[in-house]
Amino acid sequence: AQKVTQAQTEISVVEKEDVTLDCVYETRDTTYYLFWYKQPPSGELVFLIRRNSFDEQNEISGRYSWNFQKSTSSFNFTITASQVVDSAVYFCALSETATSGTYKYIFGTGTRLKVLA
Amino acid sequence: KAGVTQTPRYLIKTRGQQVTLSCSPISGHRSVSWYQQTPGQGLQFLFEYFSETQRNKGNFPGRFSGRQFSNSRSEMNVSTLELGDSALYLCASSYQAGAGTREQYFGPGTRLTVT
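As they're listed, the protein sequences go chains Z and B. Everything in the first sequence is counted per this note's numbering, starting at 30 for the first residue and increasing by one. Everything in the second sequence is counted per this note's numbering, starting at 266 for the first residue and increasing by one.
Same shape as in the complex, but just chain B:
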């Protein structure tokens, strides 16, 4: 089975711009979660989608949004980028909902740099 794929792998944006990151889960997995990893804050949960519905959301401002499509692929959008949004954004998939209680399979991440 192919693993979780994320595109693009690297991205450089300027403050104030917006960005969209994409994630394709493992075939058959319907839950997709997003995480932000920074040296200062560590790994933090952004949100989880299951069957095109947001099931859970972390403590991030409204500039961070996401969606899931009928084929389980997910996108994450960050608007009005700030320097502090520079991070590794990781996507993870699992077969069922309730990702917080289950093993998750992670993609390689998208490294976002905001200048």
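Bound conformation, chain Z alone:
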């Protein structure tokens, strides 16, 4: 069965430090999708990135970057020069194929990031 592991339950950093959030996944699908979402205290999840299994290019968006490595089944997320506003819970998710051929998200347990001023 598909599985997403976010081993870091909580991370605290001081503002301006770089921080990497780990995500390791398990899947038997050859085509799959990986996602990162941010959940601030207000509650709604905010989409950050989507990556399909055939696109192993790393991506950078401002202070955010993602490192996708199929060889190690990892999709890690780095925030450079962290800011207090980055404080949130971050979820990694994987598309899981149902027997009907449809997909649904499998979420990791989340990593709570605290950025201290």
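For the record, the hints were derived by calculation from the structure and aren't laboratory data. Each residue gets a CB set at the ideal place from its N, CA and C atoms; glycine is no exception. Possibly wrong hints are sitting among the right ones.
[What the hints assert, rightly or not] Simulated restraints, written as ranges between beta carbons of each label pair: (1) T270(B) - A146(Z): 26 to 36 Å; (2) K278(B) - A146(Z): 33 to 43 Å; (3) T285(B) - V43(Z): 40 to 50 Å; (4) Q361(B) - S103(Z): 24 to 34 Å; (5) P273(B) - K143(Z): 24 to 34 Å; (6) S316(B) - A146(Z): 43 to 53 Å; (7) R92(Z) - G281(B): 30 to 40 Å.
[What the hints assert, rightly or not] Pairs of lysine-lysine, DSS-like flavour, derived with a Cα cap of 27 Å: (8) K32(Z) - K67(Z); (9) K67(Z) - K322(B); (10) K99(Z) - K32(Z); (11) K322(B) - K278(B); (12) K278(B) - K32(Z); (13) K143(Z) - K45(Z).
[To be verified] Stretch-level coverage of chain B by chain Z, calculated; a stretch enters the list once three of its residues show a Cβ under 8 Å from a Cβ in chain Z: (14) 304 to 317; (15) 320 to 328; (16) 353 to 367.
Got chain Z sorted already, so can you dock chain B onto it with the hints?
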């Protein structure tokens, strides 16, 4: 564009009662998915609706049901509430079906407390 809206935001119910939660997706989005978030189980998929049809369902008992209307608005119903149903219920919308493969836009959630 207005985001995903969910009503009510907070709800307190008693065991055995039933509850209906509402979700209005982003204009033009036809797929609506529901998720349950609890400290113990994390984020779990409930179901996805597209064009008024349930496309996918998670591993929840039959007490959890939903529907989608022709304007894409969706409702989720939980009957015979149990203490363990206390959770944040999140609704998400996406433009096309197959929400599990696409970026989704989430609402702020409905916090349900069962006493």
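Inset, instruction - Run the structure past the numbered hints and jot down the numbers of the failing ones, going up. - result: 7 and 12
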